[in-house]
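J.: Here are the chains, one letter per residue:
There are 2 protein chains.
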Amino acid sequence: MKCRKCAGKAVINMRQYKLALCRDHFLEWVPAQTQRTIDKYQMFQFCERILVAVSGGKDSLSLWDILGRLGYQCDGLYIDLGVGGGIQYSDESQRCAQEFASQRNLNLHVVNIQKDYGETIIAIAERSMRGRDKPCAICGIAKRHIMNRVALEGGYSVLVTGHNLDDEAASLFGNTLNWIPGYLARQWPVLEANRTGLARKAKPLCRLYEREMATYALLRGIRYIYNECPYVEGSKSIYYKELLNKLEEKRPGAKLTFYLSFLQAKENGLFSPYADPDLEELHPCPTCNQPTSAPGQCAFCRMVAHLV
Amino acid sequence: MKCRKCAGKAVINMRQYKLALCRDHFLEWVPAQTQRTIDKYQMFQFCERILVAVSGGKDSLSLWDILGRLGYQCDGLYIDLGVGGGIQYSDESQRCAQEFASQRNLNLHVVNIQKDYGETIIAIAERSMRGRDKPCAICGIAKRHIMNRVALEGGYSVLVTGHNLDDEAASLFGNTLNWIPGYLARQWPVLEANRTGLARKAKPLCRLYEREMATYALLRGIRYIYNECPYVEGSKSIYYKELLNKLEEKRPGAKLTFYLSFLQAKENGLFSPYADPDLEELHPCPTCNQPTSAPGQCAFCRMVAHLV
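As you go down the protein sequences, you meet chains A and B in turn. Under the working numbering, the first residue of the first sequence is numbered 3, with each subsequent residue one higher. Under the working numbering, the first residue of the second sequence is numbered 3, with each subsequent residue one higher.
In short, the hints are calculated from the structure, not lab data. Since the model is a prediction, treat every value here as computed from it, not as a measurement. Check each hint, because a few of them may be wrong.
Just so you know, same-sequence chains aren't split out, so a pair can sit in one copy or run between any two.
[To be verified] With a straight-line Cα cutoff of 25 angstroms, these simulated BS3-like cross-link-like pairs (lysine-lysine) come out: (1) Lys-268 to Lys-42; (2) Lys-248 to Lys-238; (3) Lys-145 to Lys-238; (4) Lys-136 to Lys-238; (5) Lys-42 to Lys-20; (6) Lys-145 to Lys-117; (7) Lys-252 to Lys-238; (8) Lys-20 to Lys-117; (9) Lys-4 to Lys-145; (10) Lys-136 to Lys-243; (11) Lys-117 to Lys-248; (12) Lys-252 to Lys-136; (13) Lys-4 to Lys-252; (14) Lys-238 to Lys-4; (15) Lys-248 to Lys-20; (16) Lys-238 to Lys-20; (17) Lys-20 to Lys-4; (18) Lys-117 to Lys-268; (19) Lys-238 to Lys-117; (20) Lys-243 to Lys-145; (21) Lys-4 to Lys-42.
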């Protein structure tokens, strides 16, 4: 297969676009696509300071790499959750994140949950009702809290995450299977910081397939952690991804159409402005001051105070 | 497995409700569920005359049977489309519909497309651009036109079809994969006759699984055509049903939740009133007087006039 642009040897064929590209043109194409997404959804400007949430995986490290190549000013944030499993997941992913940062002379914040809050996320999950079976919900609460805290304390105007199209489509699929109005009303490539105490969040890779991101990381020589978090196994999102992959196999582009037509329909006013019932119910947590919809303390503060 | 109500031998276990029932209790349960659906969505009253669109399959014949047992006044409508295939689909399905009606002394209207319009639906499809590959779109246009005509001419206040939960969930799934605002805004168990020239339409079986309907038909001794229309093979709706069945296998009730939470979200005002862009664009077809959104003649009249 030949590159559409230069007729050189193609390294990837993107069936959904009927587009095959060689190494050099693909490595140009990915940042260009990312820039288009940043522009279309007005995510951020070149003058803004950006905090990249880095897990050590292919998506977040590639995102940091891409934003740097595009000329944005980004620092990284790695959260050491203390996830072991047979593969020492947290240790290995932190090594990848730190190696990436130091090789490029970039600034990486590291937050260690055990050091800052006395316990690993797994220990917190094991003693809580909500996390007993699976630590993912607890882990999500902690990550959201810490990312927001570091973004606000560091004066960053936007927090970016490496969610790719497969992630966003799977999340949309889950929200659609249960038609949860609030989630559907809120899912968007950028969430404005329009409520006091919440940093703006953006997902610049939301239109790039996971497969494209893996190819990008490989071709850029980025060392990342190949394994998924050991607790991801058996999760709903993995199952939704498998179903969407089946659809995609039969109809290349189905995943992209699913996600983009949702965004388009939303832009065209599909949802009523009253679709998000939680919109007005936030108040500041008396302990950490971050906004929360729960009564009294936020879920994170209750969690570290042994109240859940 | 034992019947939840009488501890007799269960004939069906409905995992999504954790409900096993014996023959007699299941045969009571299906009409009771149907009545609940009719009431909840205010489909029709006992005083109204109902036209049941009958294909000869398990769903529509069971629907006619159920509505009769519930005490509604129903006539049937069978449309002979002239579909052969190796199995003489139309002949066999008409035999089932007529046998059902005559055994119960019910009134069945029969419309023969070839007799009334000069050609079978397959012949029309073969000479048209739109139906060349697959006659399904053409067939859908013809059925909708004829069902509406017979309902209006016969003074029926409502036209009912045998769409079951699997049909509705697959249709919703397809509409969701492409987020087509008009389709999502219009999908509902009953469509009011609020536009001149369109009969009210209702789907009283929309909350019953296909499997439940097959069991019902079997236990009631209804002879129906087992084969699907030969042109259904390879259709998107079959594929969507397969995917939803995979979901259901893993999570009993997933299909029901998908459909019912959609209806609930709609009732709660998820969609904006402007979501259906086609709503106001209907006008009467100059030939048949039925409402159409196409400019000039409706799709059906253009089709029989050899204009498509």
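J.: It remains to establish, for every hint, whether it holds in the given structure.
T.: How the hints compare with the structure:
For the homomeric pair Lys-268 and Lys-42, the shortest alpha-carbon distance inside one copy (14 angstroms) is at most 25 angstroms, but the shortest distance between copies (29 angstroms) is not. In the homo-oligomer, the alpha carbons of Lys-248 and Lys-238 lie at most 25 angstroms apart both inside one protomer (16 angstroms) and across protomers (13 angstroms), since each shortest distance falls under that limit. In the homo-oligomer, the alpha carbons of Lys-145 and Lys-238 lie at most 25 angstroms apart inside one protomer (19 angstroms), although the nearest pairing across protomers, at 40 angstroms, exceeds that limit. Taking the shortest Cα distances, Lys-136 and Lys-238 sit within 25 angstroms of each other inside one copy (12 angstroms), while across copies they are farther apart (36 angstroms).
Within a single copy, Lys-42 and Lys-20 get their C-alpha atoms as close as 22 angstroms, which meets the 25 angstroms cut-off; across copies the closest is 48 angstroms, which misses it. For a Cα distance limit of 25 angstroms, the shortest separation of Lys-145 from Lys-117 inside one copy, 15 angstroms, qualifies, whereas the shortest one across copies, 69 angstroms, does not. Proximity of Lys-252 and Lys-238 under a CA criterion of 25 angstroms is satisfied in both settings, with 22 angstroms inside one chain copy and 11 angstroms between copies. In this homomeric assembly, Lys-20 and Lys-117 never come within 25 angstroms of each other (Cα to Cα): the closest approach is 50 angstroms inside a single copy and 47 angstroms across copies.
For the identical chains of this complex, Lys-4 and Lys-145 are neighbours neither inside a copy (43 angstroms) nor across copies (48 angstroms), given an alpha-carbon limit of 25 angstroms. Only within a single protomer do Lys-136 and Lys-243 lie at most 25 angstroms apart by alpha-carbon distance; the minimum there is 19 angstroms, versus 31 angstroms between protomers. Taking the shortest alpha-carbon separations for Lys-117 and Lys-248, neither the intra-copy value of 43 angstroms nor the inter-copy value of 44 angstroms comes in at or below 25 angstroms. In this assembly of identical chains, Lys-252 and Lys-136 lie within 25 angstroms of each other by CA distance solely across copies; the values are 18 angstroms between and 33 angstroms within a copy.
For the identical chains of this complex, Lys-4 and Lys-252 are intra-copy neighbours only, at 23 angstroms inside a copy versus 42 angstroms across copies, given an alpha-carbon limit of 25 angstroms. Proximity of Lys-238 and Lys-4 under a CA criterion of 25 angstroms is satisfied in neither setting, with 38 angstroms inside one chain copy and 32 angstroms between copies. Taking the shortest Cα distances, Lys-248 and Lys-20 sit within 25 angstroms of each other inside one copy (19 angstroms), while across copies they are farther apart (30 angstroms). For the identical chains of this complex, Lys-238 and Lys-20 are inter-copy neighbours only, at 22 angstroms across copies versus 31 angstroms inside a copy, given an alpha-carbon limit of 25 angstroms.
Taking the shortest alpha-carbon separations for Lys-20 and Lys-4, only the intra-copy value of 12 angstroms comes in at or below 25 angstroms, while the best inter-copy value is 56 angstroms. In this assembly of identical chains, the alpha carbons of Lys-117 and Lys-268 never lie at most 25 angstroms apart, being 43 angstroms within a copy and 47 angstroms across copies at closest. When the C-alpha separation of Lys-238 and Lys-117 is checked against a cutoff of 25 angstroms, the pair qualifies neither within a copy, at 31 angstroms, nor between copies, at 54 angstroms. In the homo-oligomer, the alpha carbons of Lys-243 and Lys-145 lie at most 25 angstroms apart inside one protomer (22 angstroms), although the nearest pairing across protomers, at 37 angstroms, exceeds that limit.
Taking CA atoms no more than 25 angstroms apart as the test, Lys-4 paired with Lys-42 passes in neither setting, with 30 angstroms inside one copy and 59 angstroms between copies.
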